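Student: Based on the provided sequences and hints, a complete structural model is requested.
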Amino acid sequence: MKSAKSGVLKRVLKQLKGYRLWLTATIFCALIAVAGTLAVPVFFGEIINLIVCEGNVNFGSLLSGHIYTKFLLIAGCIALTSIAQWLMNVINNHITYNVIKDVREEAFANIQRLPLKYIDSHSYGDIVSRNIADVDQFADGLLMGFTQLFTGVLTIIGTLVMMLVINWAIALVVVVITPLSLFVAKFIASRTYSLFKKTSEIRGEQTGFIDEMIGNIKVVQAFNREDENIEKFDDINERLTKASLKSIFYSSLTNPSTRFVNSIVYASVALTGALMLIFQTPLPIIFNVGLLTSLLSYANQYTKPFNEISGVITELQNAVACAGRIYELIDEKPQTPDAEDAKVLSSVNGDVEFENVCFSYTDDRKLIENLNVKAKSGQRIAIVGPTGCGKTTLINLLMRFYEPNSGLISVDGNNIKDITRKSLRQNYGMVLQDTWLKSGTIRDNIKIGKPEATEEEIISASKSAHAHNFIMQLSDGYDTVITEDGGNLSQGQKQLLCITRIMLCLPPMLILDEATSSIDTRTEQRIQRAFAKLMNGRTSFIIAHRLSTIKEADLIIVMENGHIVEHGTHDSLLQAGGFYSKLYNSQFAI
Amino acid sequence: MRKLLKYLKNYKLQSVLAPLFKLLEAIFELTVPLVVSVIIDKGIGGADWQFVTYMCLILVGLGVVGLISAVSAQYFAAKAAVGFSKQLRHDLFCKMQSLSYSDIDGLGTSKMITRMTSDVNQIQSGVNLVLRLFMRSPFIVFGAMIMAFLINVTAGGVFAIAIAVLCVIVFSIMLISIPLYKNVQGKLDKVTTSTRETLTGVRVIRAFCKEDDEIDIYNRRNTELTKSQKFVGKISALMNPLTYAVINASIIWLLYIGALKVDGGVLSQGNVVALYNYMSQILIELIKLANLIITVTKSFACAGRVNEILEMKSSAVEAMAGVMKENMPYISFNNVCVNYAGGSMDALSDISFTVDKGQTVGIIGGTGAGKTTLVNMIPHFYEPRQGEVLIKGINVKNIGDTELRDRCGIVPQKAVLFKGTIRENMQWGKTDASDSEIMDAINSAQASDVVLSKQDGLDEIVEQGGKNFSGGQRQRLTIARALVKKPEILILDDSASALDYATDANLRKSLKQLDYNPTVFIVSQRTSSIRHADKIIVLDSGKMVGCGTHEQLLDTCEIYREIHYSQFQKEGA
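As you go down the protein sequences, you meet chains A and B in turn. FYI, in the numbering used here the residues of the first sequence are 92 to 681. FYI, in the numbering used here the residues of the second sequence are 382 to 954.
Simulated from the structure, these hints should not be mistaken for laboratory data. The structure presented is a predicted model; accordingly, all values stated were derived computationally and were not measured. Treat the hints loosely; a few may be bogus.
Derived contacts from chain A toward chain B, CB cut-off under 7 Å, selection only [to be verified]:
(1) Ile165
(2) Ser173
(3) Glu317
(4) Ile339
(5) Leu362
(6) Ile369
(7) Lys529
We put the beta carbon where it would ideally sit given N, CA and C, even for glycine.
Tutor: Written as structure tokens, this is what we have:
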């Protein structure tokens, strides 16, 4: 655990390496700012010493070392300090935001290279929150660390040194009392931690309830369940209110308590200082009212950074944890890159072959075993079988989203491992059941496979996918902006757009995974006709649970539990009277 | 925000006491420099150690009293803020439950959830902070100024000018940076979208070899984000150095004036020290105030969003006008047109038909034909743009929603179960349903094997969303849930899509045999599911293109024929 943490810290430091100059600059600025902030009260104290009483004020001249000179000195100090403060802030911003940018870019680039296996097995929300929320938290921690930790520590050291220099006896008094403030803060923090945890648990429960009931509000209304829900909601709400009152109240005690300790420190400094002035101690210390004023001002400044630093440290711990999660994502092993001498597939015939392919998603559950399929150029291969039999897995293997555990898949006699992924995938047109659209215009979405397509090509592709009519009914036609994942379109309309995409770039091989499942049967038939035209001379793989759509296939493969149980044409399979004919006939049972 | 203030009503006392105690604390803090000034002038000047000790004890005493007032203030503020958000959440939840379908569609559920959770939390911390600091900070700042005036009018003038300058600086930086921060948030949203999209669309992106394009788009958005972050950072980084410079410059001026006055015998050394201390206090307080204003602005934005929802009209209608007439048709649609907000075309146009009690009605049509909209009109989920829906001669909008929906059993397209047990889910329809009533419904819904296959039977735990049941199992359980309440009108919205043909057929058979003889609406894509209905309505792009029995429609309705033959080869042809 501890070593993992230091590993992350090392990574962060490495990330900062490129900013060495900037870092030096910010430390330099911090030194100036702190030195300035500390020096100014001394000068003010000296001035106050010169203002003794009526008729006894030494203004002097500008250069004589009296009030006027000091004013000049202070003005310079203030200007320098302000500029140093500003520069420090700007440089810290620069470093932080650039580091964050680098981290985000690295993470995103790695997402593009991650094997599908990783992406499929992690929730999107988790990956997104790593790249967004965690990085933000990391940035906050970094920024706070730079600005407050540096200056805080420097201020404490500086103040202490100044106080020791001015009057070491009083400084000792301060040093003895301050740990009290740390102790109080820590005491409160440890008590509130469990309260906060409880509050966030109840809040999680409430969010879950809201998520469930508001997410399905239509069902709630249909069943008149509003009153029961409010009752349950109020119950959780009441508990949440009690818990948050406790946690908010107890945590808000930190500030007044440390302020109280602070006022004790202040009073002690005033007391010892005044007494020392009255009784002229035997100690060899030069002391006067001006110095006492400076000391009082330091005493005020001294405890503040302690509060801040304890805040920064929690923030930093959080930031390191977040950084760890991001680095996990960045370090996740990418898919094996294409071999150096990988071939570029061009002018494809479309002979696809599976030879003894074995595959499983997890080691303990075998899925596909010794699969052999031969698809000749231009053939239509249909794959049917119950859910979970491995149909979609075949597509994952064809597209090389996943690699087979053993055996090989070839296109035109080339093992697909020896072909660049890019050229392999460019030769397939794929339409999946889970439609996916990008936020952007309809046109951008259609053009994704062929960015240089002309308007005529786009329209004719849409017409053959029967999408043109509904697109024209949208408010801005092809320029209609759709939200992320096509929000305002129906599932069927989204599928039509995905089909249009393929109709536009016309790749030599096709993969259709339940491509028309949400489209009504009438439109589906029309699209089937367009597909039939499209599939002419193209090798295609079709998965469909509506068996009517695959009757024309050259080869129907019936799968069950990762094995091929039957294969043949529609007629031969019906005659055989096996699994397929049972499946086919069940749809006519009334 | 002002409209939300009524939620503090029940916490009037706390909302007054919290700032009051804060004020008290501030007053004690403000007396500290005065005490120090007296220590210097009388104690040290008069070499009176007893007086000094006494005064220092007063300092500690002031600290104790300050601590007590601060703690009381924190307690009252927390109490008021927490109570405020409790009431607000309650009202918001009630309001959301009462919204109409079209409002829900317009808002989107994820937005509603954000309003309930993070927005309300933000408002809560805003209220808390305001109660604690809104009085205190200005009081300290102006209090320090008044104290300065009491010591010396000229010195007070310096304070007044310094405060004015500081206010200008703080507010202008804030006014400039708030919209910039919004801008940053917008850019961050874009980066988020990029990340989400690249994950949800990973297969498509890789199939089209768009990885590098995605990286380019992302990097461009990311660079823009960084640029605006740095820009706003530069501006808000001015706050501290500028306030620091102004305060210290005023101290110089103050000491200069002080020196002249002391020289002239108007002020004492201790007075000057006090003035100096007051100025330092202003600096600390201003920084706090700036943070407060940022939080408050954020809370205001959230309050605006929450208020938008609170001001929406609830759809619930409880009026009951007119008496149901038995001689009227059971359900009739008269020239119904429906238009969704934001849609340019009618989702349903000019629909008219009647249904007798106990009949089974099939509704069929292509993607987006308006099938779901049509059945949603019966329980008054949407308001027609034109025309009316009548039950026994009474417009559904005049029957109270609660009563109307009690008569309907609805099985929505999306089969959702809720967290709890199977029994609890079944009791949604009828709170006091007995096990035998539940099992009857489950049997009719062809779901008995689902319950029997589970170890705990009806007590089997259902996870959120029903994740531990398959799609077909969920569908059958949602049908059973609607049957438990023995509805007069049963609406099945494409709710047999995940069932195989045999189960679907058995389900329809058992619905026919229900002893309470409900009127049934079946929405389906399959002609096999509705061919035995008493009446079939064929929809195409929101228009009714056919109405009749299976046989009639095969003869007269071109579209119905096409749909049917796309699923069944022409028999004998």
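Student: Any hints this thing doesn't respect? Which numbers, in order?
Tutor: none
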